[in-house]
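Chemist: Next come the chains, spelled out residue by residue.
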Amino acid sequence: MKRALFCFLAVIVVVGFTVGDGCAWAQAQQTPQQAWQQIAIPKLPAFHPAQPKRIELPNGMVVFLQEDHELPTIDGTARIRGGEQSVPANKTGLMDVYGEVWRTGGTKTQTGDQLDDYLEQRAAKVETGGGGDATTISWSCLKEDFDDVFRVFEDVLKNPEFRAEKIEIAQKGMYDGISRRNDEASQIAGREAAKLVYGANNPYARVAEYATVAAITRQDLIEWHARYVHPNNIILGVVGDFDAAKMEARLRLAFGAWPRGEAAGRPEIKPEPAKPGYYQVDKTDVNQSNIQMVALGITRRNPDYFAISVLNEAFGGGFSSRMFGDIRTSKGLAYAVGGGVGAGWDHDGMLRLMVSTKSKTTIESIAALDEEIDDLDKHPINDEEIKRAKDSILNSFVFRFDSPEKVLQEKMAYEFYGYPLDFLENFQKGIEAVTREDVAKVAAKYLHREKMAVLVVGNVAEFDKPLSSLGSVTKLDIAIPAPPPGLMPEQGEHP
Amino acid sequence: MKFRIRLIQTTVVCFVLFALALGQQVASFEKRTTVKKLANGLTIIICERPEAPVFSFFTHVDAGSVQDPMGKTGLAHMFEHMAFKGTDTIGTRDYAGEKVALAKVEEAYAAYLAERDKPVDRDEQKLKQLEQDWKDAIAAADKFSAPYTNEFGKIVEGEGGEGMNAFTDYDETGYHYSFPVNRLELWAYLESERFLHPVMRQFYKERNVVIEERRMRTDSNPTGRLVEQFTEEAFVAHPYHRPTIGWISDLNSFSATDAQHFFDKYYVPANMVVTVVGDVRAAEAMPVVEKYFSRIPARPKPDTATTTEPPQNSERTVVLHEQSQPFYIEGYHRPDYRSADDQVYDAITDLMSNGRTSRLYRALVRDKQIASDAEGFTGYPGNKYPQLFTFYALPIPGHKPQEIGEAIHAEIERLKKEDISDEELKMIKTRAKANLIRSLGSNEGLAFALGLNQARYDDWRELFRSVDRIEKVTKADIRRVANLTFVPENRTVGMIEFVGGPPPGAGAGTQGGGQ
Numbered sequence: 000m001k002r003a004l005f006c007f008l009a010v011i012v013v014v015g016f017t018v019g020d021g022c023a024w025a026q027a028q029q030t031p032q033q034a035w036q037q038i039a040i041p042k043l044p045a046f047h048p049a050q051p052k053r054i055e056l057p058n059g060m061v062v063f064l065q066e067d068h069e070l071p072t073i074d075g076t077a078r079i080r081g082g083e084q085s086v087p088a089n090k091t092g093l094m095d096v097y098g099e100v101w102r103t104g105g106t107k108t109q110t111g112d113q114l115d116d117y118l119e120q121r122a123a124k125v126e127t128g129g130g131g132d133a134t135t136i137s138w139s140c141l142k143e144d145f146d147d148v149f150r151v152f153e154d155v156l157k158n159p160e161f162r163a164e165k166i167e168i169a170q171k172g173m174y175d176g177i178s179r180r181n182d183e184a185s186q187i188a189g190r191e192a193a194k195l196v197y198g199a200n201n202p203y204a205r206v207a208e209y210a211t212v213a214a215i216t217r218q219d220l221i222e223w224h225a226r227y228v229h230p231n232n233i234i235l236g237v238v239g240d241f242d243a244a245k246m247e248a249r250l251r252l253a254f255g256a257w258p259r260g261e262a263a264g265r266p267e268i269k270p271e272p273a274k275p276g277y278y279q280v281d282k283t284d285v286n287q288s289n290i291q292m293v294a295l296g297i298t299r300r301n302p303d304y305f306a307i308s309v310l311n312e313a314f315g316g317g318f319s320s321r322m323f324g325d326i327r328t329s330k331g332l333a334y335a336v337g338g339g340v341g342a343g344w345d346h347d348g349m350l351r352l353m354v355s356t357k358s359k360t361t362i363e364s365i366a367a368l369d370e371e372i373d374d375l376d377k378h379p380i381n382d383e384e385i386k387r388a389k390d391s392i393l394n395s396f397v398f399r400f401d402s403p404e405k406v407l408q409e410k411m412a413y414e415f416y417g418y419p420l421d422f423l424e425n426f427q428k429g430i431e432a433v434t435r436e437d438v439a440k441v442a443a444k445y446l447h448r449e450k451m452a453v454l455v456v457g458n459v460a461e462f463d464k465p466l467s468s469l470g471s472v473t474k475l476d477i478a479i480p481a482p483p484p485g486l487m488p489e490q491g492e493h494p
Numbered sequence: 000m001k002f003r004i005r006l007i008q009t010t011v012v013c014f015v016l017f018a019l020a021l022g023q024q025v026a027s028f029e030k031r032t033t034v035k036k037l038a039n040g041l042t043i044i045i046c047e048r049p050e051a052p053v054f055s056f057f058t059h060v061d062a063g064s065v066q067d068p069m070g071k072t073g074l075a076h077m078f079e080h081m082a083f084k085g086t087d088t089i090g091t092r093d094y095a096g097e098k099v100a101l102a103k104v105e106e107a108y109a110a111y112l113a114e115r116d117k118p119v120d121r122d123e124q125k126l127k128q129l130e131q132d133w134k135d136a137i138a139a140a141d142k143f144s145a146p147y148t149n150e151f152g153k154i155v156e157g158e159g160g161e162g163m164n165a166f167t168d169y170d171e172t173g174y175h176y177s178f179p180v181n182r183l184e185l186w187a188y189l190e191s192e193r194f195l196h197p198v199m200r201q202f203y204k205e206r207n208v209v210i211e212e213r214r215m216r217t218d219s220n221p222t223g224r225l226v227e228q229f230t231e232e233a234f235v236a237h238p239y240h241r242p243t244i245g246w247i248s249d250l251n252s253f254s255a256t257d258a259q260h261f262f263d264k265y266y267v268p269a270n271m272v273v274t275v276v277g278d279v280r281a282a283e284a285m286p287v288v289e290k291y292f293s294r295i296p297a298r299p300k301p302d303t304a305t306t307t308e309p310p311q312n313s314e315r316t317v318v319l320h321e322q323s324q325p326f327y328i329e330g331y332h333r334p335d336y337r338s339a340d341d342q343v344y345d346a347i348t349d350l351m352s353n354g355r356t357s358r359l360y361r362a363l364v365r366d367k368q369i370a371s372d373a374e375g376f377t378g379y380p381g382n383k384y385p386q387l388f389t390f391y392a393l394p395i396p397g398h399k400p401q402e403i404g405e406a407i408h409a410e411i412e413r414l415k416k417e418d419i420s421d422e423e424l425k426m427i428k429t430r431a432k433a434n435l436i437r438s439l440g441s442n443e444g445l446a447f448a449l450g451l452n453q454a455r456y457d458d459w460r461e462l463f464r465s466v467d468r469i470e471k472v473t474k475a476d477i478r479r480v481a482n483l484t485f486v487p488e489n490r491t492v493g494m495i496e497f498v499g500g501p502p503p504g505a506g507a508g509t510q511g512g513g514q
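Protein chains in written order, with numbering that gives the first Met the number 0: chain S, 0 to 494; chain W, 0 to 514.
It is possible that part of the hints are untrue.
To be verified - Derived EDC-like pairs: lysine to aspartate or glutamate, alpha-carbon spacing no greater than 16 Å straight-line:
id, chain 1, residue 1, chain 2, residue 2
1, S, LYS405, W, GLU50
2, S, LYS359, W, GLU289
3, S, LYS330, W, ASP141
4, W, LYS428, S, ASP116
5, W, LYS142, W, GLU184
6, S, LYS330, W, ASP302
7, W, LYS367, S, GLU164
8, W, LYS204, W, ASP135
9, S, LYS405, W, GLU443
10, W, LYS425, W, GLU470
11, S, LYS405, W, GLU161
12, S, LYS124, S, ASP112
13, W, LYS35, W, ASP340
14, S, LYS107, S, GLU69
15, W, LYS367, S, GLU167
16, S, LYS107, S, GLU153
17, S, LYS405, S, ASP382
18, S, LYS52, S, GLU414
19, W, LYS425, S, GLU431
20, S, LYS42, W, GLU184
21, W, LYS30, S, GLU69
22, S, LYS440, S, ASP382
23, S, LYS428, S, ASP303
Claimed, not checked - Estimated spans, in silico, between C-beta atoms of each pair:
id, chain 1, residue 1, chain 2, residue 2, range
24, W, LYS204, S, ILE38, 57 to 63 Å
25, W, LYS367, S, GLU363, 46 to 52 Å
26, S, PHE46, W, ALA304, 37 to 43 Å
27, S, ASP421, W, LYS30, 35 to 41 Å
28, S, HIS378, W, ALA297, 44 to 50 Å
Because the hints were derived from the structure by calculation, they are not lab data.
Note that beta-carbon positions come from the ideal geometry of N, C-alpha and C, so glycine has one too.
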């Protein structure tokens with residue numbers, strides 16, 4: 000929400016999101032050289048972005064230091080192993096509450112409100128957050144304020160108090176989010192699609208309910224912090240206008256003597272995909288259907304990752320892709336269209352093809368998606384499409400490391416998930432090696448209509464044909480389970 | 000409490016250092032930034048930022064949906080989509096043939112429209128035939144472009160373009176992406192060509208795409224529906240009352256000829272500022288950029304006079320009864336961005352909305368616990384013309400929008416009756432400087448900020464001066480402006496009230512379907 004809410008109404012953008020051409024790919028003949036092709040493209044100057052310095056403290060804490068002297072700021076982020084995926088189901092939402100109250104609840108000596116005043120006077124931030132497999136704590140300040148702000152960071156990291164009144168505010172915010180979660184069709188579609196892929200109660204897809212949030216106690220937050228926040232579970236990245244040697248000394252002073260604790264460990268999670276078929280959510284206050292065809296994707300460790308990256312680019316990845324060209328440009332069926340085989344870091348991502356279209360072209364658009372998939376077999380991604388997809392990835396490669404902060408983020412992700420630190424260089428080589436046959440092979444291996452769940456969130460009465468004309472339909476129950484008695488103030492004031 | 004004791008002392012030190020840091024930035028930008036106004040009136044800014052071998056650009060066109068002709072709302076945005084359709088050499092098999100075919104589409108569409116919009120005696124049989132003729136003409140024209148669908152975008156993406164996109168708002172239209180730096184000349188060719196020889200091909204299919212965009216952002220989104228009605232209610236005379244995306248009947252009526260006319264009138268070089276930021280040297284890059292953009296012929300600057308919104312002298316309210324959760328918004332008229340009080344409104348925005356120290360967060364979220372989010376901000380729907388200062392909040396379950404309104408008004412009254420504290424004023428000023436410094440570290444962000452300030456004030460340095468002006472804001476200014484602006488007769492309120500289903504969390508489905 001926030002201001003973005005209004006920006007999205009005031010500011011209208013031509014491309015819906017970054018995620019397809021049916022005619023061009025097949026018939027575009029070699030054209031005579033066009034004017035733009037006569038413009039010389041000099042060799043890109045050699046570029047060796049500064050690499051962060053990696054330090055491992057004796058207690059197992061890993062630190063990356065990335066100097067960047069452009070602006071007088073210093074920012075740091077610590078990523079701590081363990082997140083919502085390790086939370087018991089009856090406390091779902093714990094990481095949202097923890098991620099907020101870790102900071103708002105203050106420290107042993109300072110309330111959260113006092114920290115707010117102290118930091119905002121310096122236009123500085125110390126913020127915390129909860130995620131699926133990690134929690135984070137970060138700071139951001141002007142370099143002159145580093146000592147002041149870092150002390151707060153250290154205090155919040157080690158001595159949080161989780162004051163009860165802030166837990167209540169966080170819970171109320173969660174209740175509000177739960178009450179609003181069926182208001183927008185795209186939000187319903189995103190949530191329900193994930194449940195179809197991983198299973199409704201699976202940690203990769205489940206959502207917080209009134210009861211699970213109400214069950215969260217201060218003791219849960221304290222215990223989580225005591226269980227997970229140990230130096231050997233932490234990767235800290237610092238970027239900005241500092242001297243690396245001095246920063247290293249400062250960080251060793253702060254964290255060197257911090258004793259190790261129990262390692263976080265990784266939960267065993269098995270996706271339980273719903274059976275392929277058609278799934279429907281009826282929403283009577285919309286005139287557009289959100290359609291998502293989904294299945295399990297892959298991880299980046301999968302040897303098919305490179306060929307899939309090229310396939311995604313050519314099939315559903317942007318202005319040049321087949322889905323965009325056919326379904327949006329040539330047929331005028333949608334503004335938002337695209338998708339591909341998603342690749343996760345440590346677990347299979349989601350294969351997702353999506354299109355949003357007016358109610359009365361719902362079935363027509365599902366047929367158009369089907370046709371795109373079938374066409375991959377009849378007209379495999381051709382040499383021209385392969386070349387453009389690879390060019391697109393390789394020529395824009397420099398944007399993956401065009402700022403010291405991006406380089407730092409990449410390295411931290413590799414460290415966190417145990418990837419080789421030269422993963423990005425290998426990615427480039429991997430893409431260069433992809434052939435037309437490789438792409439045809441992965442298209443045949445991963446894109447099967449009969450293995451996908453097709454979800455439609457829309458105004459069922461307005462559809463061009465019933466969804467059941469395509470196959471048997473499961474109606475999804477998205478009703479929000481009632482809160483425990485006495486939890487919510489004055490119910491039922493509405494007609 | 001150890002932090003508290005040092006608070007004031009440190010803040011003073013902070014101030015000096017900030018000023019120093021900012022001063023260094025201003026000097027650095029003076030050295031790195033070159034502006035050139037071409038003979039055709041187009042302004043080029045080049046800002047050297049040699050951090051990585053890439054550059055970003057931002058093309059600012061000083062025409063937005065405010066310039067949409069009556070009965071043709073959505074046209075500025077429609078043209079923006081058409082700017083991705085290629086040129087007479089990009090995206091066609093044979094432009095001479097295509098040009099003839101596209102002219103036939105327009106003839107057929109005009110004939111169809113004339114029959115469709117007849118107030119009386121419409122001939123349904125004839126209408127059907129005319130519609131078919133129009134569709135046949137489209138199919139004939141598409142044969143020239145179909146093999147080259149989205150050629151413009153394919154070139155940009157294949158050459159490594161990143162983040163290719165554009166936006167239209169009430170005040171302006173913007174185009175942007177980033178390239179590896181060895182594509183500077185290719186970019187200068189493509190970007191100038193796009194505004195030298197645009198072709199209105201595949202117009203009517205793209206119009207359907209835009210209508211889908213309207214369905215997504217407005218028709219099928221409860222907050223979108225509310226904000227459209229709210230904005231329409233707040234402005235009665237000025238074009239700010241019309242949606243940028245356009246009313247559905249206009250979208251179903253305007254033509255490719257209309258879009259071409261819009262382009263001819265408003266996309267004149269004197270209305271355009273092109274900003275390049277990245278690993279380029281002005282001495283080498285400027286001649287290249289100038290070579291391509293000076294090809295665009297000079298044309299007279301369009302008349303952009305609009306109706307001035309008359310003073311509002313009665314409170315207005317719109318209430319939407321929806322099957323979605325409550326929402327509250329209210330807006331007060333304020334003058335345009337050239338107002339001497341512009342930075343006072345910025346200061347009020349920061350005070351009321353910025354983070355957990357903000358007054359609305361502390362009152363509505365932390366203390367009263369009636370909202371999950373509450374903010375007030377200036378600059379809606381735009382800032383080129385007299386606009387609104389807007390407050391909104393999301394009531395948490397069990398609290399009504401009216402209660403939110405009262406809580407916001409209590410905070411406004413405080414602003415009108417009591418001076419803000421010294422700490423608050425310092426915080427506002429410190430944050431303005433820090434936010435500016437933080438905004439200087441990206442090519443995309445800089446291209447946008449420099450270009451916008453050049454377009455608005457004819458000088459990119461305003462980006463830095465705005466902070467000097469906020470430095471001069473006093474407590475008395477804030478009280479004076481609050482008393483002037485936040486009065487009930489100057490207020491428009493918009494609310495979503497929940498109906499049509501059980502209350503939040505009552506157990507049954509919260510949507511019409513879903514069982």
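Chemist: Are the hints correct? Go through all of them and say.
Modeler: These are the hints, each one checked on the structure:
Between LYS405/S and GLU50/W the alpha-carbon distance is near 13 Å, which keeps this suggested pair within the 16 Å criterion. A distance of roughly 49 Å separates the Cα atoms of LYS359/S and GLU289/W; the hinted pair therefore is violated under the 16 Å criterion. Restraint check for LYS330/S and ASP141/W: satisfied, since their Cα atoms lie roughly 11 Å apart, inside the 16 Å limit. Proposed proximity of LYS428/W and ASP116/S is supported: the alpha carbons are some 14 Å apart, at most 16 Å.
With a CA separation close to 31 Å, the supplied pair LYS142/W and GLU184/W exceeds the 16 Å bound. For the proposed pair LYS330/S and ASP302/W, the alpha carbon gap of about 37 Å is over 16 Å, so the pair is violated. Between LYS367/W and GLU164/S the CA atoms are separated by roughly 12 Å; this keeps the pair inside 16 Å, and the hint holds. This hinted pair checks out: LYS204/W and ASP135/W have alpha carbons roughly 13 Å apart, not beyond 16 Å.
With a CA separation close to 15 Å, the supplied pair LYS405/S and GLU443/W stays within the 16 Å bound. Taking the CA atoms of LYS425/W and GLU470/W, the gap is about 9 Å. The hint holds against a cut of 16 Å. Taking the CA atoms of LYS405/S and GLU161/W, the gap is near 15 Å; set against the 16 Å cutoff, the hint holds. Our distance criterion of 16 Å between C-alpha atoms is met by LYS124/S and ASP112/S, whose separation comes to about 13 Å.
Between LYS35/W and ASP340/W the CA atoms are separated by roughly 31 Å; this puts the pair beyond 16 Å, and the hint is violated. A threshold of 16 Å between alpha carbons decides the hint, and for LYS107/S with GLU69/S the separation of about 36 Å lies outside it, so the pair is violated. Straight-line distance between C-alpha atoms of LYS367/W and GLU167/S comes to about 12 Å, which keeps the hinted pair within the 16 Å bound. Between LYS107/S and GLU153/S, the direct Cα distance comes to roughly 12 Å. Compliance with the 16 Å bound is thereby established for this hinted pair.
Among the hinted pairs, LYS405/S with ASP382/S is inconsistent with the structure: their alpha-carbon atoms are about 32 Å apart, more than 16 Å. Pair hint LYS52/S plus GLU414/S holds up; C-alpha atoms about 13 Å apart against a cutoff of 16 Å. Distance hint between LYS425/W and GLU431/S is unfulfilled; the C-alpha atoms sit about 55 Å from each other, more than 16 Å. In summary, the hint linking LYS42/S to GLU184/W is supported, as the alpha carbons are separated by about 13 Å, within the 16 Å threshold.
For the proposed pair LYS30/W and GLU69/S, the alpha carbon gap of about 15 Å is at most 16 Å, so the pair holds. For the hint linking LYS440/S to ASP382/S, the alpha-carbon distance of about 14 Å falls within 16 Å, and the restraint holds. Taking the CA atoms of LYS428/S and ASP303/S, the gap is near 14 Å; set against the 16 Å cutoff, the hint holds. Separation of LYS204/W from ILE38/S is about 30 Å and departs from the stated range, judged on CB atoms against 57 to 63 Å.
For LYS367/W paired with GLU363/S, a C-beta distance near 50 Å keeps the hint of 46 to 52 Å intact. Distance hint check for PHE46/S and ALA304/W: the Cβ-Cβ separation is about 50 Å, which falls outside the suggested range of 37 to 43 Å. Separation of ASP421/S from LYS30/W is about 37 Å and conforms to the stated range, judged on CB atoms against 35 to 41 Å. At roughly 48 Å, the beta carbons of HIS378/S and ALA297/W sit within the given window of 44 to 50 Å.
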